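Let the hints inform the model, and build the full structure from the sequences given.
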Amino acid sequence: MTKENIVLKYLRKEMDFPNVWCPGCGHGIVLTALVRAIAKTGWTKDEIVMVSGIGCSSRAPAYLDFHTLHTLHGRAIPFATGVKLGNPKLKVIVITGDGDGTAIGGNHFIHVCRRNIDLTVILFNNNIYGMTGGQYSPTTPSEAYSVTTPFGNIDRPFDISKVAEAAGATFVARSTAFHAAALENYIYKGFQHKGIAIIEAMTQCPTCYGRKNELKDGVAMMKWFKDHSISKAKFKKLSSESPESIDPDDIVTGIFVERDDIPEYIESYQNIVNSLLNREG
Amino acid sequence: MQEKFILGNEAVVEGALVAGCRFFSGYPITPSSEIAEAFSRELPKLGGVFLQMEDEIGAMGVIVGAALTGHKTITATSGPGFSLKQETLGFASFTEIPCVVVNVQRGGPSTGLPTMASQADLMQSRWGTHGEHPIIVLSPSSVQECFKYTITAFNLAEEFRTPVIFLMDEIIGHLREKVRIYDETEVEIINREKPQVPPEEYTVYKDGDKLVPPLASYGTGYRYHITGLAHNRHGLPSFSSETVIKLSERLHDKINKNLDKISIYNEFFMEDAEIVIVAYGSTTRSAISAADILRKKHGKKVGVFQLVTVWPFPYAKIDEFNSMKEIVVPEMSLGQLRGELEKQIINAKEKLIGVNRIDGYMITPDEIIEKTLRGVK
Ligand SMILES: Cc1ncc(C[n+]2csc(CCOP(=O)(O)OP(=O)(O)O)c2C)c(N)n1
Ligand code: SF4
Ligand SMILES: [Mg+2]
Chain A
1 MTKENIVLKY
11 LRKEMDFPNV
21 WCPGCGHGIV
31 LTALVRAIAK
41 TGWTKDEIVM
51 VSGIGCSSRA
61 PAYLDFHTLH
71 TLHGRAIPFA
81 TGVKLGNPKL
91 KVIVITGDGD
101 GTAIGGNHFI
111 HVCRRNIDLT
121 VILFNNNIYG
131 MTGGQYSPTT
141 PSEAYSVTTP
151 FGNIDRPFDI
161 SKVAEAAGAT
171 FVARSTAFHA
181 AALENYIYKG
191 FQHKGIAIIE
201 AMTQCPTCYG
211 RKNELKDGVA
221 MMKWFKDHSI
231 SKAKFKKLSS
241 ESPESIDPDD
251 IVTGIFVERD
261 DIPEYIESYQ
271 NIVNSLLNRE
281 G
Chain B
282 MQEKFILGNE
292 AVVEGALVAG
302 CRFFSGYPIT
312 PSSEIAEAFS
322 RELPKLGGVF
332 LQMEDEIGAM
342 GVIVGAALTG
352 HKTITATSGP
362 GFSLKQETLG
372 FASFTEIPCV
382 VVNVQRGGPS
392 TGLPTMASQA
402 DLMQSRWGTH
412 GEHPIIVLSP
422 SSVQECFKYT
432 ITAFNLAEEF
442 RTPVIFLMDE
452 IIGHLREKVR
462 IYDETEVEII
472 NREKPQVPPE
482 EYTVYKDGDK
492 LVPPLASYGT
502 GYRYHITGLA
512 HNRHGLPSFS
522 SETVIKLSER
532 LHDKINKNLD
542 KISIYNEFFM
552 EDAEIVIVAY
562 GSTTRSAISA
572 ADILRKKHGK
582 KVGVFQLVTV
592 WPFPYAKIDE
602 FNSMKEIVVP
612 EMSLGQLRGE
622 LEKQIINAKE
632 KLIGVNRIDG
642 YMITPDEIIE
652 KTLRGVK
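First to last, the protein sequences are chains A and B. Position 176 of the first sequence, counting from 1, maps to 176 under our numbering, and the rest follow consecutively. Plus 281 on top of the position in the second sequence (first one is 1) and you've got our numbering.
Source of the hints: derived by calculation from the structure; they are not laboratory data. Quick caveat, the model's predicted, so the values are computed rather than measured. Treat the hints with caution; some may be incorrect.
Stretch by stretch, here's where chain B covers chain A in the computed footprint (C-beta under 8 angstroms, at least three residues) [unchecked claim]:
{"no.": "1", "segment": "11-25"}
{"no.": "2", "segment": "64-72"}
{"no.": "3", "segment": "136-149"}
{"no.": "4", "segment": "172-184"}
{"no.": "5", "segment": "260-273"}
Positions of the beta carbon are idealized from the N, C-alpha and C atoms, including for glycine.
Listed below in structure tokens is the structure:
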């Protein structure tokens, strides 16, 4: 059986196709990696809840045959937190974008990392606000062009994985749409992790970002990911041996955090509940 | 039944627990914080969930998400936090997710008068979120009513699949009174309707069917999509004129065609009244004592009409007051309630008398008496 069939199994039949994404958009690749990772878990469709905010990336859940909740710009994490606390047996997956997750929803993003509640967050980072036509986002590189940085971006971008780590996330990984197999693997590991898992998926927006920054289409952008990605191990090696050889624009990929020494939020809460129930009874 | 001497804010918690609510999320703000504090003590003992979020927007998202797992959920806030919740309130209204949102009104605008009372969020509770949406808003005037109508708020939320706003004010939130707490066998409790059809036949709503569709909880075998975009019966985005118009009509009809169940009001001394005082919330208390004094001391036939359900507004009932000589409207705002009455009262300028205060203090019976005796000038 080909891998394609696995994805088809999860598509929602009432949904209109083709999907909303532009030709060459990376979001479909990330979504495919995500669905393949889900297929590996053995979870049933009925136990999966997929929650998203607003953006091109956040349109993904509607195509899938799970409990899908397309919420408000920046708010996927709170809704997902409510679902998980309401029924901890459910597997809750958050789909968000760089704008959705780290601009308008940045507060929720850092706090969910700190809280270490058992959710898997897939953040589609295309360095731009795709849905609204290509305004710069918190991850748009310095000097890059966008429809609201016509003279080049003077902001400094977030490194989302570092933000997640600093905020206390217990699983953090990053890969790109070019490295779809690694991405799938990280997402799968995120699912296995008990606690908050943040997977940053670098994805391309040829329509809004590429067009303005001399990357003419999806293929050119995928190639850029291929040429400018560097593994965590290689990055570490180069940092000590020849730091000057590292291109500051390069994307470091890999699993950055994976720890199981921090209690998961719902377990801690349940411990309090249990101790109170025991005291009463 | 049990008697307790507690705050209005605490009575909300008692009511919520009796209604079957086991889920609170909020963010601290005066004068509502006692609600969060009481929930944080009580819910873990009952196996329920308490979560203090990083802000009010987050708390609102949490309670809407949790409602989809079958929980009855609640949050509590005051002015600045109520402003932050508006976008999500609209989402809950449009996607028909039941929940209860308490706003203990304090003086505004902005940070305003954090520890003092106000009724200036009346219009915000109706129109605070963007777009046209139906909403139910209840307002209590005593600690007993905090208990009683919190249960009603959950019942209406569940029956009509809508957020219900519980519009209190600082005076009622911080008032300590004796209340009778009934248990769940002594009061009516309504739970949302669950689907009866097999999962493959379930849709989030059906065209030309019931006004309030059943709501399937996550994890029970019914998979469907929810979006704040205009949506068809599968819950999937659809912008066709027909779908959009029908959806909006149904959402409004489910409230407007059920006013007999939703519209709650109390009448005092109304049988022979020639003058009516229309009030809600803490102001009702001053209105009742003013009416009493006006009758006993001044021989005026004054009655009181208390709105418990402030939205949807009881226009048909208000229409009856066209036969009154005077209509007195005390409120801790510049005249939001009076403005709504103006829509229904013929020659409103010659009949409506406003008694208004915006400095955070309660309107006294004397102020109402004085304005009533002076008449429309
Ligand atoms: C409160 C609010 N503000 C602004 C918007 C407009 N808006 C919709 S999507 C979006 C940006 C999405 O960017 P991102 O999350 O990076 O997703 P992408 O489209 O790039 O996948 C914005 C600003 C909105 N829907 N809601
Ligand atoms: S605008 Fe960009 S992110 Fe959105 S669908 Fe098109 S390519 Fe993808
Ligand atoms: Mg983006």
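Hints, verified against the model:
Remark: the segment 11-25 of chain A is confirmed as covered by chain B, as 4 of its residues place a Cβ nearer than 8 angstroms to a Cβ of that chain, reaching the required three. Counting residues of the segment 64-72 of chain A whose C-beta lies closer than 8 angstroms to any C-beta of chain B gives 8; at least three are required, and the coverage claim holds. Counting residues of the segment 136-149 of chain A whose CB lies closer than 8 angstroms to any CB of chain B gives 0, which falls below the minimum of 3, so the coverage claim is violated. For the segment 172-184 of chain A, the assignment as covered by chain B is violated, since 0 residues bring a beta-carbon within under 8 angstroms of that chain's beta-carbons and 3 are needed.
Coverage of the segment 260-273 of chain A by chain B holds in this model, with 3 residues showing a Cβ closer than 8 angstroms to a Cβ of that chain against a need of three.
In this structure, the hints that do not hold are numbers 3 and 4, in rising order.
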